[in-house]
Amino acid sequence: MKLTEKEVEIIEILEKDARIPIETLAKMVSLSVGETEAILKKLEETKVIVQYTTLVDWRKVDGHEGVTAMIDVKVTPKRGVGFDEVAERIYRFPEVKSVYLMSGAYDLSVVIEGRSMSEVAKFVSEKLSTLDSVISTTTHFILKKYKHDGTVFDQGDQDHRIVMVP
Amino acid sequence: MMQQTKKSYLSETVARLKPSGIRRFFDLASSMEGVVSLGVGEPDFVTSWSIREACILSLEQGYTSYTANAGLLELRQEIAAYLARKFHVEYDPEAEILVTVGASQAIDLALRATVNPGDEVIVVEPSFVAYGPLVTLAGGVPVPVETNGDDHFKIRPDQIERAITDRTKALIICSPNNPTGTVLHKEELEAIARIVKKHDLLVISDEIYAELTYDGPYISFAAVDEMRERTILISGFSKGFAMTGWRLGFTAAPAEILRAMLKIHQYAIMCAPTMAQYAAIEALRNGEQDVEYMKKSYRRRRNYFVQSLNEIGLSCHMPGGAFYAFPSIRETGLTSEQFAEKLLLEEKVAVVPGNVFGAGGEGYIRCSYASSMEQLQEAIKRMKRFLARL
Ligand SMILES: Cc1ncc(COP(=O)(O)O)c(C=O)c1O
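Taken in order, these protein sequences are the chains called F and A. Residues in the first sequence are numbered from 1 upward in steps of one, following UniProt numbering. Residues in the second sequence are numbered from 1 upward in steps of one, following UniProt numbering.
Treat the hints as calculated values from the structure; they're not laboratory data. Just to be clear, a hint being listed does not mean it is correct.
With a straight-line cut-off of 27 Å between C-alpha atoms, the simulated DSS-like cross-links for lysine-lysine are [what the hints assert, rightly or not]:
(1) F:Lys2 - A:Lys295
(2) F:Lys145 - F:Lys122
(3) A:Lys197 - A:Lys169
(4) A:Lys154 - A:Lys186
(5) A:Lys296 - F:Lys6
(6) A:Lys295 - F:Lys6
What you are looking at is a predicted structure, and each value in this text was computed from that prediction instead of being measured.
Build the full structure now, drawing on both the sequences and the hints.
Structure below.
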């Protein structure tokens, strides 16, 4: 889809901060609030903007630490549907946060989020490994998130500048 | 014993020099908590990681000694390529480019290399606070020419012409301008060029904000017909590349002038810091995307901030470059100092009173929008509340 410069600019701003007030957003791109609303509606309807999400540092919330694992999955592709069918069978599980088809040593990269290590282990052994086309899995637990989707966790964002410079 | 009045050890020139008008506000503002500062004249971005990393690598490799006086040849070559690529001006890296300690040192060198005692130098005001004092320190006489907000702070050729005397040596222009953000367009530069040529003047063109031009391509004064031979182009890495603390700038000028500047530089400074020069090479080779990213971000903040200022009743022209908005506060009946002080004390928003930038600045305040959107929104909220109470 060919988008205008302003439309792209609106997406870029929202990608960084989806909660920016529409009046502020409109001013940033020099459009009226009405025009901005119309663009947003169009972007949402055409699914260019798929969803507005919140990046949470769950470690900070007691009892919600959770675990994330990245699992390398080797599979046998099926005639006619290739990897798509098995990928779909995997991504339908709600525990699965993302699924990517990869080049290299394995075929699918699957990201799982669970409440505990044993919950993830259970999912891998009972659900994932038992799928017909799955040949093998290698599970990597994430020990600490430093940066996720372009955002650095726990970054001191204080302003180092002195208050006034001529 | 004979009573003696203690003599002053200070040079008369320095003793007479006015301290920067901003000092008092700085002391006041930094003693307060919770200040939203629009007073800073520098990017709020940290220098790109790849540039910082290039500096670290140069240290790891042990490049800790002096460079050539004029700067690393490799860097001068990159600067020449950059000037040619972006601004369409050609300079010989061996004879016409000098790497300096910030644009600040380049301005100082330009003046000291060209001004004779008593020579007049025209300074277009409101202007960067250093021009006048640096002219004085070079033994010259600054001659302010006042622009005003109704003309978007553009200098009119006849104003320059009226300020010219037989002692006039040079003209300092700065586009995009600090503090007004005004950008001079092609025709305006050409009109200045005609006068400059007619009166055989030298032009010191401070182009430190060239990268931060928002509404069209930047035109260097040196790229205007027949101006290269009488222009000292000043620029650097501080603003566009978010490298204020690195103290690195450069100047490009015809060989004869550059040689004279180099002579002073050689005796006074030896060379610019070596690690900063290695970082600058990386900035010019691979920094373009980051510059574009920062520029885009400033542009959005400008649009938001200037429109909001106008909405809350501080009329402000749309600045074409740099990261300053320069709204009028005349309607409030306060002087710019009164306004800035009251705003700081009552709402904890720090702005710079326009009068520190010289003639034509009274009645205005300088607000830097190189701050996060959250800070800018907060500043607007507080200023609106402040104005409603006046
Ligand atoms: C117009 C202008 N010229 C020069 C400078 C100084 O730049 P540098 O940090 O490269 O010395 C500044 C900094 O505020 C400026 O606004």
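Proposed proximity, lysine 295 (chain A) with lysine 2 (chain F) (alpha carbon, max 27 Å):
Holds: lysine 2 (chain F) and lysine 295 (chain A) sit about 24 Å apart, inside 27 Å.
Can you confirm whether the C-alpha distance between lysine 197 (chain A) and lysine 169 (chain A) stays at or below 27 Å? holds (12 Å)
Q | Satisfaction of hint between lysine 6 (chain F) and lysine 296 (chain A), Cα-Cα up to 27 Å | A | holds (12 Å)
Practice item. Sort out whether lysine 6 (chain F) lies within 27 Å of lysine 295 (chain A), counting only the CA atoms. Key: At roughly 16 Å apart (the allowed maximum being 27 Å), lysine 6 (chain F) and lysine 295 (chain A) satisfy the hint.
Pair hint outcome, lysine 145 (chain F) versus lysine 122 (chain F) [Cα-Cα no greater than 27 Å]
holds (23 Å)
key: Given hint lysine 186 (chain A) paired with lysine 154 (chain A) - CA-CA distance at most 27 Å   = holds (12 Å)
Of the numbered hints listed earlier, not one is contradicted by the structure.
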